[in-house]
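Participant: Same order as they appear, the protein sequences are chains S and H. Quick note on numbering: the working numbering labels position 129 of the first sequence as 129, and the sequence is numbered without any gaps. Quick note on numbering: the working numbering labels position 28 of the second sequence as 28, and the sequence is numbered without any gaps.
It is possible that part of the hints are untrue.
Incomplete in silico selection of chain S near chain H, CB under 8 angstroms [as the list claims (entries may be wrong)]:
#1 ASN46
#2 ILE48
#3 GLU75
#4 SER145
#5 ASN146
Rather than coming from a laboratory, the hints here were simulated on the basis of the structure. Heads up, the beta-carbon is just placed ideally off N, CA and C, and yes, glycines get one too.
Each chain is listed here by its residues.
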Amino acid sequence: MDLNKSGSVEETIFTNKVNGIRAAYNVADRKIIVSHIGELDQDKVNTISTLVETQMEYLGVSKSAIKKIFNIVIETLQNICIHGEKDNNGYQLTYFIIGKHLNEFTIFSGNIVNTTVAEKLNKRLNSIKSLSDSDLKKQYMDVLSNGELSSKGGAGLGFLTIALKSNNNLDFDFEILNKEYSLFSLQSKVLG
Amino acid sequence: MNRLEIAASNNTPHIILDGDSKSIVIEGKSFPEDSKEFYRPVIEWMDAFKATNPSELEVFFNLFYLSSSSIISVKQFLMKVVELGNSGAKTTVIWAYDEDDDDIKKTGEDYQKLTKLNFEYKINE
């Protein structure tokens, strides 16, 4: 798979997805305030998170909303760094976009996952989405009391954190790229 | 007993572990790429400190952001504080936070609930 190759099936599906999000924000009252397409590493995570903070402060968003958004941004970006699949050339195709509609901020992200991971994620996120606020907090405390970091550094708290900070206002989908891989897209909303 | 100081970076906190004054300070933001690796020296220091049979330990936290993997690592550190308490040392955790920062306050309360350690809350001036 060559994700960096313009015109490949995989690259076309990815580009259509990103263009779709951009188009949805290319109207009155809506604006894209942060956008990053391409590879991610910890340095980029630091840069993007600082940029998000600065932009939010500039827009006059409340401190508690900035904190929620910052939490989601870090969890999302670090998830991608740890779990995002790379192509044959070691290239990692990802997107990260924050859109603003009035006082609602939507954090969009996408990365490539293999079919096995896609199935696990689908199950895990559907189960999180079905939880009430109190069950979310309960599961968070369960993972906190029993959780250990995996060899990849995942804790099992990442998606729970995103769900808690967005009041479980999250959505996701998988688009099949080829036999082995899918594009995993996640979005969550926070009111500023 | 050794003193270990870790300087803050863009995504990791400033940490001072001081065996002489029997105190630990952890302040700043924490979202390292590999949280387990980042907190490993802190956990190891705690084991070495425990071996000196200390009478007390005061831990001062003033964090304004913790990623989910950092939250697990700090819990593992706090479990070492619990071990120390179980072996007879008097332990205190001071949890400082900004007045309007409910998130960090709640994280402290979660830790207190989980560890049953003696937590004192302090609002930053």
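Participant: Against each hint, give a clear statement of whether it holds in the structure.
Facilitator: For each hint, the structure was consulted:
no., hint, result
1, ASN46, "holds, 5 angstroms"
2, ILE48, "violated, 12 angstroms"
3, GLU75, "holds, 6 angstroms"
4, SER145, "holds, 5 angstroms"
5, ASN146, "violated, 10 angstroms"
The structure fails to meet hints 2, 5 from the earlier list, while all remaining hints are met.
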